[in-house]
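Just so you know, the sequences run in chain order A and B. Read in the working numbering, the first sequence has 71 at position 71, and its numbers run on one by one without any break. Read in the working numbering, the second sequence has 31 at position 31, and its numbers run on one by one without any break.
Keep in mind the hints are simulated off the structure, nothing from the lab. Among the clues, some could well be false.
[Unchecked claim] Have a look at the derived ranges for each label pair, beta carbon to beta carbon:
1) B:S69 / A:A129: 43 to 51 Å
2) B:R137 / A:L9: 35 to 43 Å
3) A:L77 / B:R67: 16 to 24 Å
4) A:T70 / B:R67: 37 to 45 Å
5) B:A87 / A:T2: 26 to 34 Å
6) A:T72 / B:A63: 21 to 29 Å
7) A:L5 / B:A60: 29 to 37 Å
8) A:G133 / B:R70: 21 to 29 Å
9) B:A130 / A:T74: 37 to 45 Å
10) B:R66 / A:T2: 18 to 26 Å
11) B:D86 / A:R66: 22 to 30 Å
12) A:Y4 / B:A87: 20 to 28 Å
[As the list claims (entries may be wrong)] What the simulated footprint calls covered on chain A by chain B, stretch by stretch (three residues with Cβ under 8 Å from a Cβ of chain B suffice, anywhere in the stretch; the number is not a length):
13) 31-44
14) 49-56
15) 70-81
Each residue gets a CB set at the ideal place from its N, CA and C atoms; glycine is no exception.
One-letter residues, chain by chain:
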Amino acid sequence: MTSYLVSLLGGTLIGLSSVIMLMLNGRIAGVSGIVGRAVQGVGVWTNGAFVAGLLLGPVVHFAAFRHWPTVTVTASLPLVMLAGLLVGFGSRMGSGCTSGHGVMGLARLSPRSIAAVLTFLASGIAAVALLRGAVL
Amino acid sequence: MRHTKLQPVAALAAGTLFGLGLALSGMLDPVRVQGFLDIFGAWDPSLAFVLGGAVAVAMAGMAWLRRMSRPLLADRFHLPMKSPIDARLVVGSAIFGLGWGLGGFCPGPAVASLSLGLTPTLVFVAFMLAGMVAHDRFFVGRPS
Numbered sequence: 001m002t003s004y005l006v007s008l009l010g011g012t013l014i015g016l017s018s019v020i021m022l023m024l025n026g027r028i029a030g031v032s033g034i035v036g037r038a039v040q041g042v043g044v045w046t047n048g049a050f051v052a053g054l055l056l057g058p059v060v061h062f063a064a065f066r067h068w069p070t071v072t073v074t075a076s077l078p079l080v081m082l083a084g085l086l087v088g089f090g091s092r093m094g095s096g097c098t099s100g101h102g103v104m105g106l107a108r109l110s111p112r113s114i115a116a117v118l119t120f121l122a123s124g125i126a127a128v129a130l131l132r133g134a135v136l
Numbered sequence: 001m002r003h004t005k006l007q008p009v010a011a012l013a014a015g016t017l018f019g020l021g022l023a024l025s026g027m028l029d030p031v032r033v034q035g036f037l038d039i040f041g042a043w044d045p046s047l048a049f050v051l052g053g054a055v056a057v058a059m060a061g062m063a064w065l066r067r068m069s070r071p072l073l074a075d076r077f078h079l080p081m082k083s084p085i086d087a088r089l090v091v092g093s094a095i096f097g098l099g100w101g102l103g104g105f106c107p108g109p110a111v112a113s114l115s116l117g118l119t120p121t122l123v124f125v126a127f128m129l130a131g132m133v134a135h136d137r138f139f140v141g142r143p144s
């Protein structure tokens, strides 16, 4: 039960962050877009500052709770590489990821984002089913 | 000119809130993410509360934003243009979801968890950036 409440609280902060980005800077808080632009030298200061903030988040978590958030990677290194390529390529091709389409897109009731979220949920579910099938 | 110099400060604050939200919510953990996607196995629905909470707050914010003629630190809102649902959107999202399920990382959590200095995360982000740049350079040109 507490994990649900903590997840809800975490989600609330993510929503708040998205509202701040739009209200102050007029931009959608879409991480794939922000990171993609930052590494390609577009709007370096603003996009770079958002990325720096993302990195600070877990540090603030550590400062507040004296432990780092859990990160358990079970995938083998070649699988991690493949997953990284697919996530990077796909999020740019689909114009967004879990943040831009998932949070702000759904909140704006954008038909494109709703289609994107349904699609990546379906293929994500298929990928995990595939992994489970391959492992068992 | 509407205080555009302050935009990086707003972005830093928003990014920090976003990263802290991810850290609190459990989204940084690929095993939890894969558990959320594992609806045919040991399904862990808790991460639906992350998306639910985020969308609820963002929707409330949108209701407020609709009454603003422009953002506080910029000349206009940069919202995606209304375009049809096309093959690029669907194929791109399908590819993205496949990678998301296989690795358990999407871009936000992958970047945020770099702070923990784990090798698989570093490798994931390096390949993610390569995938992004490959797409933008060879398929559509400059990012917008």
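Given coverage of the segment 70-81 of chain A by chain B, tested with a Cβ cutoff of 8 Å and a minimum of 3 residues: holds (count 10)
Satisfaction of the hinted span 35 to 43 Å by the C-beta atoms belonging to B:R137 and A:L9: Once the Cβ atoms are compared, 39 Å apart, the range 35 to 43 Å for A:L9 and B:R137 holds.
Cβ distance range 29 to 37 Å for A:L5 and B:A60, holds or violated: The hinted range 29 to 37 Å is violated for A:L5 and B:A60, with Cβ atoms some 19 Å apart.
Distance restraint hint 22 to 30 Å, applied to the beta-carbon atoms of B:D86 and A:R66: Given about 48 Å between the Cβ atoms, the range is violated.
Satisfaction of the hinted span 37 to 45 Å by the C-beta atoms belonging to A:T70 and B:R67: About 41 Å separates the Cβ atoms of A:T70 and B:R67, which means 37 to 45 Å holds.
Verdict for B:A130, A:T74 (Cβ pair) under range 37 to 45 Å: violated, 22 Å
43 to 51 Å as the expected CB spacing between A:A129 and B:S69, which holds or is violated: Given about 48 Å between the Cβ atoms, the range holds.
Consistency of beta-carbon spacing, B:A63 to A:T72, with hint 21 to 29 Å: Violated, since A:T72 and B:A63 (Cβ atoms, about 38 Å apart) do not stay within the stated range.
Cβ separation of A:G133 and B:R70, checked against the hinted range 21 to 29 Å: violated, 51 Å
Satisfaction of the hinted span 16 to 24 Å by the C-beta atoms belonging to A:L77 and B:R67: violated, 50 Å
CB-CB spacing for A:T2 and B:A87 relative to the 26 to 34 Å hint: violated, 43 Å
Chain B over the segment 31-44 of chain A, status - at least 3 residues with CB closer than 8 Å: holds (count 9)
Figure legend: structure checked against the earlier numbered hints; hints not met, in rising order: 3, 5, 6, 7, 8, 9, 10, 11, 12.
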